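Participant: All chains should be modelled from the sequences, with the hints used to inform the complete structure.
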Amino acid sequence: MQLQPWLFTLLLILGSSLGASLTWFLCHISSQTTRIRHRERCKALLKSSVELEACCARLEEEIEKLRCSEAGALRREALLKAEQKSAVDREQLLRETEFRLLQGFQSASLQILKKSEENGAGNTPPARVKSGNKGVPFDQDADRPAATIREQVASDMHEVGSVNVPASSSDAAVSSRE
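Just so we're aligned: 1509 in the numbering used here is position 121 of the sequence shown, and the numbers increase by one with no gaps anywhere.
Fair warning: there could be bad hints in the mix.
Cβ pair distances, simulated, as ranges [said to hold, decoys possible]:
| hint | residue 1 | residue 2 | range |
| --- | --- | --- | --- |
| 1 | H1426 | S1405 | 27 to 37 Å |
| 2 | I1424 | G1460 | 46 to 56 Å |
| 3 | E1458 | R1429 | 53 to 63 Å |
| 4 | L1468 | L1433 | 48 to 58 Å |
| 5 | L1498 | S1474 | 29 to 39 Å |
| 6 | E1486 | E1506 | 39 to 49 Å |
| 7 | N1507 | E1486 | 27 to 37 Å |
| 8 | S1405 | V1438 | 47 to 57 Å |
Please keep in mind that the hints were generated in silico from the structure rather than gathered at the bench. In this text the structure is predicted, and so the values were computed from the model without any measurement. The beta-carbon is built from N, C-alpha and C at its ideal position, and this holds for glycine as well.
Facilitator: Below, the structure is given as structure tokens:
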């Protein structure tokens, strides 16, 4: 039985080496599976990061388009405001011009009436100015037809020429814009 103590030691050495080998093999397999999982995770993360970068690039392009459209909208709004202001200015200028023309026609009519009274064509009473809406003169002479009165006024207006009406301050502003 002398082999028995050596046998026990031999079995112990064999068991220990078998256990160490088995442990090493299991640890090696576990580390390889862990590496494989980490590689797959890295690939997935790289793929998602590439997708995120592409998404960021698309969003940046969209933001740039929105900024351009906003700038265009602001330019159009500024142009619209300028056109509205211009329309208001033109309307005011038209009102002033209309007022000045009415005053010019009234003063021309008065000059024509005074001239016709001075020339002795005064068989008819002078035309009266209506105090209504625009102060337009009208004829109340029932003895003469309206056509002859119109002809006389037209010929007198040609003789008198243009009436000097002072220019308004808005005329200078309009001419400076053009």
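Participant: Now look at each hint and say whether the structure bears it out.
Facilitator: Checked hints:
1. H1426 - S1405: 27 to 37 Å: holds, 31 Å
2. I1424 - G1460: 46 to 56 Å: Given range 46 to 56 Å: holds, Cβ gap about 54 Å.
3. E1458 - R1429: 53 to 63 Å: Cβ of E1458 to Cβ of R1429: about 42 Å, so the range 53 to 63 Å is violated.
4. L1468 - L1433: 48 to 58 Å: Since the Cβ atoms of L1468 and L1433 sit about 51 Å apart, the hinted range of 48 to 58 Å holds.
5. L1498 - S1474: 29 to 39 Å: For S1474 against L1498, whose Cβ atoms are near 36 Å apart, the range 29 to 39 Å holds.
6. E1486 - E1506: 39 to 49 Å: Hint violated: Cβ distance 30 Å, outside 39 to 49 Å.
7. N1507 - E1486: 27 to 37 Å: About 31 Å separates the Cβ atoms of N1507 and E1486, which means 27 to 37 Å holds.
8. S1405 - V1438: 47 to 57 Å: holds, 49 Å
In terms of the numbered hints stated before, the structure departs from hints 3, 6, listed from lowest to highest.
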